[in-house]
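Asks: One-letter residues, chain by chain:
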Amino acid sequence: MGRTRVFLLARCLPLLLSVLALPTRAETPDAALAGLIADARAEAATPGACAQPNVDRLVRIFCENRLRAGVREYYPLFGAREGQTRSGYDVDVARALAGRLGVEPVFTRVNAATRIPLLGEDRIDVVLATMGHNTQRDGQVRFIRPHYYQSETILVGPRALTVKDWPDIASRTICVTIGSGSNAQIVSHNARLMLFDEAGVLPDRLKDETCALAAQDDSFFAFYFTEPDFERRFERKFGFAQVPWGMAVARSAGTDRLARALDLASQIFHRDGVFLDIARKNRIGTGFLERQQAVWQRPTCNTDAGSRDPACVLPAFNADLQPTPFAGRVVAFEDWVEARTGIDLALPMFKTVPAWSLFKAGIANSLILVVGALAATLVFALVLGAAQSAGSPLLRWPARSLTVVLQSSPVVLTLVIAAAVAQAIFAYSSAVAIGAAAVALGLMNGSNAGQAIAEAMHTLRSEAGTRGAAAHGLFGHAISRSATQIVSFLINAAKGTPIASFIGAPELLSALTDITSFASGRATTYSMLLVFYIAVVAIVVWLCGRLRDWLERRQAS
Amino acid sequence: MTAWFPRISDDFVLQLLLGMTVNFQIAALALVFGLALGALFAWVRLAGGVVGGAAAAVIGLMRAAPTFVVMFFLLNIIPRDATLFGVGVAPSGIMTVALSLVPYSASYVADNGAEALKQLRAGSTLGALQFLPNVTRAFFVLVMSSSAGAAIGVTEGIAVILREAELMPALGDKLVLFAVGIVFFGVTLQAGFALMRLLQRRLGRLATRG
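Going down the list, the sequences are from chains A and B. Quick note, the first sequence lines up with residues 1 to 557 if you use this note's numbering. Quick note, the second sequence lines up with residues 1 to 210 if you use this note's numbering.
Careful, some of the hints might be misleading.
Said to hold, decoys possible - Quick list of simulated restraints, FRET-style, between CB atoms:
#1 531(A) to 51(B): 41 to 47 Å
#2 89(B) to 473(A): 58 to 64 Å
#3 396(A) to 60(B): 55 to 61 Å
#4 231(A) to 199(B): 25 to 31 Å
#5 396(A) to 88(B): 54 to 60 Å
#6 189(A) to 7(B): 43 to 49 Å
#7 189(A) to 89(B): 51 to 57 Å
#8 167(A) to 17(B): 33 to 39 Å
#9 7(B) to 165(A): 56 to 62 Å
#10 89(B) to 395(A): 50 to 56 Å
These are computed hints drawn from the structure, not numbers from a lab. Positions of the beta carbon are idealized from the N, C-alpha and C atoms, including for glycine.
Based on the provided sequences and hints, a complete structural model is requested.
Replies: Put into C-alpha cells, the structure is as follows:
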C-alpha cells in the first residue's frame with residue numbers, strides 16, 4: 001500500500017506541478033460555448049428577464065427560442081428558395097448554428113443591399129448571405145471569426161479561348177458587375193470593362209457570346225458549372241482577389257455574447273468538419289474548408305481564444321482606397337450642393353487616389369488623342385490627296401482602293417484592325433493603344449478628306465485646261481478649295497476619339513468607366529464626360545473654323 | 001475552307017447577316033427619331049428670333065456631341081428599372097445605340113431640312129428634293145456608326161465578327177476575317193450609295209419634266 005502511494009505520487013506530482021505552473025489553462029471552445037449557452041439560458045429563464053428593454057441578444061434568442069437568420073433567396077447553391085423550401089450552404093449553416101444553440105431557425109430574405117441595414121434595424125440576429133469580409137464593412141457590422149467560407153473572383157470564358165493569366169487579358173473586354181471590389185484589379189491589367197448591374201445576367205451574356213470573358217465570384221459560377229451545357233462550353237481561366245466570407249451580427253450594444261457564441265460555434269464547425277459536410281451536401285468547393293479544418297484542429301488554435309488569435313484567423317480583405325488630400329472638401333461640396341439644390345451630386349473621381357490618378361491620366365490622354373487624331377487626319381488627307389491626284393496609276397489606284405476600303409469599314413472595325421496590327425508589332429501599352437487609335441481615326445477621316453482634295457484637284461485641272469492657267473501650284477489651291485470638307489473631317493476625327501476606349505486607349509471615357517466600376521456616382525460622372533467632350537469638340541470646331549477661313553483667304557488671294 | 005482561309009464557325013455568315021439586320025434596325029430607329037426632332041428644329045430655326053437662335057444653339061450642341069459618349073451617357077444615366085406612369089422606360093441595348101445616334105441624325109436633318117425649306121420657298125423643287133438622297137446618305141452613315149453598339153453588348157454585325165476573331169490566335173486569320181466583314185459592310189454601303197445616286201437621277205428627271 002505504501003509502495004503504491006509513493007508510486008502514484010511520483011507519477012502524478014510532475015503533472016500536478018505542471019498544471020499548477022500555468023496561470024490559467026486554455027479552455028476548449030466546446031466548454032466555452034457550453035458555458036455561454038448555459039449562462040444565457042439561465043438568464044432567459046429568470047422571471048421578467050425577457051421583458052427587459054435592450055435584453056442581451058443571446059438571451060433574447062433563448063427567450064424567443066429562435067435564431068433569426070438573414071439569407072439570400074436567389075443565390076444558387078448558397079441561398080435559394082422554392083416555395084417554402086429553402087436550400088443552400090448558407091441556409092444549412094444557419095440551421096446547424098440554431099441546432100447547436102438548441103433553438104429554431106427563422107429565415108428572412110436579404111440581398112446585397114439589405115443585409116447590413118436589416119441587421120442594424122434589429123430585424124435579424126445574424127446574416128449569412130455570401131458577404132465578403134472587407135475592411136470597409138468592418139465598421140458597419142461585427143464579423144464572426146473564423147470565416148465560414150471563402151470565395152475568389154474567377155475569370156470564366158469559352159474553352160477555346162486561350163487565357164491563362166493576367167498578361168493574356170490586356171486589351172480584352174471583361175464583363176463585370178458594377179461595384180465589384182475586384183474591378184480595380186482587372187483595370188490595372190489594361191483590360192476593358194463592360195459593366196452590368198446584376199451578376200445574374202453574366203452567364204446568359206457568356207452564352208449568347210456578348211461577353212467573351214466574365215469575372216465574378218467563384219461561388220456564383222459554381223451553380224452554372226453544375227449545368228452540363230455550361231460546363232462543356234466554358235471554363236474557369238484563373239482566380240484572384242480571395243475574400244473570406246463572414247457571418248455577421250449587428251455592432252450595437254448587447255450583441256457581444258451572441259457574436260462570441262457564434263465565433264466559438266464556427267471554430268467547432270471547422271474543427272469537426274461540420275462546414276465541410278454541409279459544403280459537400282450542397283456541392284460547392286471545399287478547398288478552403290479543408291485547409292481551415294487543418295488550422296482549427298491544431299492544438300494552438302483549438303482553444304477558446306483561437307478565434308482571436310491572428311495566427312489562426314484570416315484578416316479581412318483590404319478594400320480601403322486611399323483618400324485624396326482634398327477628399328474632405330469634395331464631400332463638403334457634395335453636401336453643400338445637395339442641401340441647396342437637392343441634387344445628389346457624387347464626384348468619385350476626386351475622392352480616392354486611384355480614381356484621381358485615372359481621371360487626370362484620362363483627361364491628358366484624351367487631349368493627346370484629339371491632337372494626334374487631328375494631326376493624323378491632316379497628314380493622311382494630304383498624302384492620300386496627293387496620291388489620288390498623281391499622274392501615275394501605280395500611286396493613284398492603291399490610294400483610291402485604300403479609300404474605298406476605309407469608307408466601307410465601320411469605325412469600330414477599323415479601330416480593332418489598327419489595334420491588332422499595332423499589338424502584333426509592339427507590346428501592348430497605353431501609348432500603343434492611343435497611337436493605334438490616332439492612326440485609325442486619321443486614316444478614316446483623312447481618306448475622305450484626301451478624296452475631297454483629289455476631287456478639287458480634278459476640277460482645278462479641268463479649269464486650268466480650259467482656261468489655260470498654269471498647272472503648277474494646283475495642289476495648294478486644291479487644299480484651299482476643299483477646305484470645308486477637310487475641316488468637317490477634322491471635326492469628325494475629334495468627335496470620334498472617345499471610341500478609342502473600345503481598343504483600350506485609356507482616354508477619359510475609359511478612365512471614368514473604370515472609376516464607376518468600383519465607385520458610385522455614375523450619373524454625375526457621365527454627365528461630366530459629356531460636357532467635357534462637347535467642350536473639346538466645340539474648341540476644335542472653333543479652331544477648324546479659323547483654319548478654314550485662312551485656307552479660303554489663301555484661295556481668294 | 002482552304003489553307004489561307006481561317007476556320008470559321010459554320011453559322012458565322014448567318015450570324016453576321018442577322019447582326020447586320022440589327023445595324024439596319026438601329027439606323028432606321030435613329031433616322032425616324034432624327035427626322036421627327038430635326039424637322040421640328042429646322043422649322044423653329046427658320047422662324048428666327050430668340051426661339052430660332054435657341055434652336056440653332058441646340059442643333060450646334062447636338063452636332064458636337066460624340067455618339068460614343070452619348071451612348072455611355074444614356075446607358076448610365078437611365079436606371080434599369082426606370083418607369084413612367086408605371087410603364088418601364090429603360091431602353092434596350094438596341095434602343096440605347098439608336099438614341100445615341102439621334103443627336104447626329106437630328107442635327108443632320110435640321111441642317112438639310114432647313115436648306116430644303118429654303119429651296120422650296122425660293123421655288124426650287126429640285127433643290128428641295130435633294131433632301132431625300134441626303135437622308136439616304138445619312139441612313140448609311142448611321143448603319144456604319146451603329147457598330148458602336150458592340151461596346152455595350154449589342155449583338156450587331158461587328159460584334160459577331162469580333163466574337164469570331166476572339167477565337168483566332170493568329171493575326172493573319174483575324175485580318176482575313178476582318179476583310180470578310182469589310183466586304184459585307186462595303187457591299188451594303190456601296191449599294192446604298194448606288195441607290196442614292198439612282199434616286200438623285202430620278203428626282204432630277206422628275207423635276208426636269210415638271
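Asks: Take the hints in turn and mark each one as holding or not.
Replies: The hints, checked one at a time:
{"no.": "1", "hint": "531(A) to 51(B): 41 to 47 Å", "result": "24 Å, violated"}
{"no.": "2", "hint": "89(B) to 473(A): 58 to 64 Å", "result": "60 Å, holds"}
{"no.": "3", "hint": "396(A) to 60(B): 55 to 61 Å", "result": "38 Å, violated"}
{"no.": "4", "hint": "231(A) to 199(B): 25 to 31 Å", "result": "54 Å, violated"}
{"no.": "5", "hint": "396(A) to 88(B): 54 to 60 Å", "result": "56 Å, holds"}
{"no.": "6", "hint": "189(A) to 7(B): 43 to 49 Å", "result": "29 Å, violated"}
{"no.": "7", "hint": "189(A) to 89(B): 51 to 57 Å", "result": "37 Å, violated"}
{"no.": "8", "hint": "167(A) to 17(B): 33 to 39 Å", "result": "36 Å, holds"}
{"no.": "9", "hint": "7(B) to 165(A): 56 to 62 Å", "result": "26 Å, violated"}
{"no.": "10", "hint": "89(B) to 395(A): 50 to 56 Å", "result": "55 Å, holds"}
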